[in-house]
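> Once you have looked at the hints, place chain V on chain D.
Just so you know, the protein sequences line up as chains D and V, in that order.
Read in the numbering used here, the first sequence has 261 at position 261, and its numbers run on one by one without any break.
Read in the numbering used here, the second sequence has 124 at position 124, and its numbers run on one by one without any break.
Any given hint could turn out to be false.
[Unchecked claim] Going by beta-carbon spacing under 7 Å, a handful of chain V positions derived as facing chain D: (1) 195; (2) 225; (3) 234; (4) 237; (5) 238; (6) 253; (7) 254; (8) 255; (9) 260; (10) 261; (11) 263.
Since the hints were made in silico from the structure, they are not lab data.
Model, not experiment: these values are computed from the prediction.
Glycine included, every Cβ here is placed at the ideal spot set by N, Cα and C.
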Amino acid sequence: MLSRTATNLFWLARYMERAETAARLMAVGERMSLIPSTCGSGYRSEWVPLLQANGSFAMFEAKYRDPVQRNVESFMFFDRDNPGSVASCVSAARENARIVRTALTSQVWDALNTAYQELMALERTERSGLPLTRLTDWTLRNCALVRGAIDATQLRNDGHDFMNIGYYLERADNTARLVDVKYYVLLPRVDFVGSGLDNYQWTTLLRALSAHRAFHWAYGGEVTAAKIAHFLILNRQSPRSLLTSVQGACDHLDRLARRYGRTTRAQTQARAMLAGLAELSIDEVFDDGLHEFLTRFIGDISDLGGAVFDTYLSGDLR
Amino acid sequence: MTGQAFFNEMYESGRVRGPYRQLEDWMGDMPAELRSLKQAEAEELFRRIGITFAVYGEGGDPERLMPFDMFPRVFAQDEWRRLERGVIQRAKALNAFLADVYARGEIVRAGLVPRDLVYRNEAYEAAMVGFTPPRGVFSHIVGVDLVRTGPDEFFVLEDNCRTPSGVSYMLENREIMMRLFPGLFRENRIAPVDSYSEELRRTLASVAPPKCERDPTIVILTPGAYNSAYYEHSFLADLMGVELVEGQDLFVEGEYVWMRTTEGPQRVDVIYRRIDDAFIDPLCFRPDSMLGVPGLMDVYRSGGVTICSAPGAGVADDKAIYCFVPEMVRFYLGEEPILQNVPTWQCGTAEDLKYVLAHLPELVVKEVHGSGGYGMLVGPKATREQVESFRVRIEESPGNYIAQPTLSLSTCPTFVDEGVAPRHVDLRPYCLVGERVTLVPGGLTRVAMKEGSLVVNSSQGGGVKDTWVLSE
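Here chain D stands alone, though its shape is the one from the complex (with noise of 0.2 Å):
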């Protein structure tokens, strides 16, 4: 397959799910905006900490200055200049498809036309019609539409294999993200830890990545912040922890090696990360300071989008 056509595969899927995660974000700051005093002293808004984790508060910043719910849905949905942005991401996956039409099936490629047709209909939309679980509702539709569309269509070739790592590589990067959202809402009144409200927080994000239920049927009994955090980080039967999402890049990454007859560093590296994190208790994270060992993670995924994109999207392989 041609490299090119594999970037676009990949980033086709990156982008989706990083539109996913922008509206589950969005979803958590609504949530939390909604009961008091979430916010301590050192935070303007509720809203703040979610950008924070997003790594995009200082774009915004510039750009809107003042954190209110209606500034946030237009950076975080809308806006064209934010490259995280739900209408930014959305309109690069179908770009991307786009550009490889043909190594798509007809069923993805509706599903993602589909999916920008009707984000430029929600574009020209009165916004006071427009409630914000309008909003990360569709953009949750859309995404299962594609995702959808591909694992019931697509050849299992080599595309699908360069899709999938990109689905999980920003999938392990975004849960590690929503995860630190709790590192910077807590970060300005310590003495929360382990009250009512810092459980209540730790349930909104189970609740953002629609894992509630899922949740209380692995776990039962109390909620506590250190099931939540195994169940996002540790779990192999949860969807989106960052195990089962190192554990999927890994798989792909495998069938890629067993396919081409080669294993390259891409591979070797994903290996290496998998069996960190299969050998890690939760106790180890928090001693080690949760937000330490997430920007650790995040840094080594980044590292490993690295290995694939020199390995195999590069086009310099011989």
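For chain V alone, kept in the frame of chain D given last:
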């Protein structure tokens, strides 16, 4: 011009002509609501499949739909046979001409084509002199633009020897018509066109370079996703099952061309390029080209790869060379031309220039190197100011212009707001030249959607129709 009778392909002196017989009932039975429903369905299909052409720099959505008219254009089998023979004859003559002018130039030595028109032509590539491409074929896809003025009168408007576009519309228009009106296809015996992609693949494979000792790897080279014809490039690549590459995906190493893949370099044998000559190889042509492949021409000339069509093929479809195609047919094939040229005045010669300037309001004037319906004067439709401004331009550089009589282009029934009305049409069949010379029974019919308009180009508001050839 007013009162002039146009040949109507469906009705002749009030009676329906043979090929259109089945369509009269179909048209009559279609209530307006059904028609608009079908039209909307067609547009939805085009939009969803993504058959758009891109227009940048005009604002609005860059992805435009080509207006599609559901009323088919129909040829009877015997009408088509003659066209087919004529188009194939022309494609052979044009290729013989190209092989000649990059070799000994016999036709020039014989005094049949002026030396300067060939060797000082912008499209003439010095880099091709003395080189014979595989099977001696320069132009592998020849698009011949035809107009009709009567039951048996067809004229060639121009030839396209470089990379004629539009064939994806021929194929998709048919697909859409079969989905919208399956009944029509059951009641009529319509020759299928979907073998085109397989014929194209076979044609390209048949001109594999001398150094290729295996099943050739074919690619389509596109300028990229922002090209207005990108959909067609990706559509053809998909139908043939070959990679669609950009210049950056290819590189030259050793004596071969390679593409960058996820498994390392893979050798490429035949390149169907959809980029202009000037951009193919920055080392040979335009040094600032970002679209091409440095060193490609060296590999080509040493038999490591085949470029389709060959660089320099454009010298055969130049509007000034056009006048000499009937001569080519006689000179190379020893046959009489089956298809006629439109009588053409070369403004570059004093006698013709005098005639053209005296008759401007009744003539069509074209720029020799123009395309897409731009830089063109349709005398009878033009205002006095337009005619006068053209007069100045022609006097400034007469060699840049040719003139032709305004042809009475045939009309075909077309769906318009008020119902069905005749609109002017032309036809572009696509002739494939490789080991064999073939023509699928069909082509692209373009239709001027505006009443009375003779300009069918999509850039000027033209639309397209499905084109039928009835089998015996």
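> All hints are to be evaluated individually against the structure, with a verdict given for each.
Hint check:
1. 195: For residue 195 of chain V, the interface hint is violated, since the closest Cβ of chain D sits about 20 Å away, which is over 7 Å.
2. 225: 4 Å, holds
3. 234: Check passed: Cβ of residue 234 of chain V comes within 5 Å of chain D, closer than 7 Å.
4. 237: 6 Å, holds
5. 238: 4 Å, holds
6. 253: 10 Å, violated
7. 254: This interface hint is violated because 13 Å lies over the 7 Å limit.
8. 255: Hint on residue 255 of chain V: violated, closest Cβ of chain D at ~18 Å, above 7 Å.
9. 260: 3 Å, holds
10. 261: At 6 Å from the nearest chain D Cβ, residue 261 of chain V passes the 7 Å test, so the hint holds.
11. 263: 5 Å, holds
The structure fails to meet hints 1, 6, 7, 8 from the earlier list, while all remaining hints are met.
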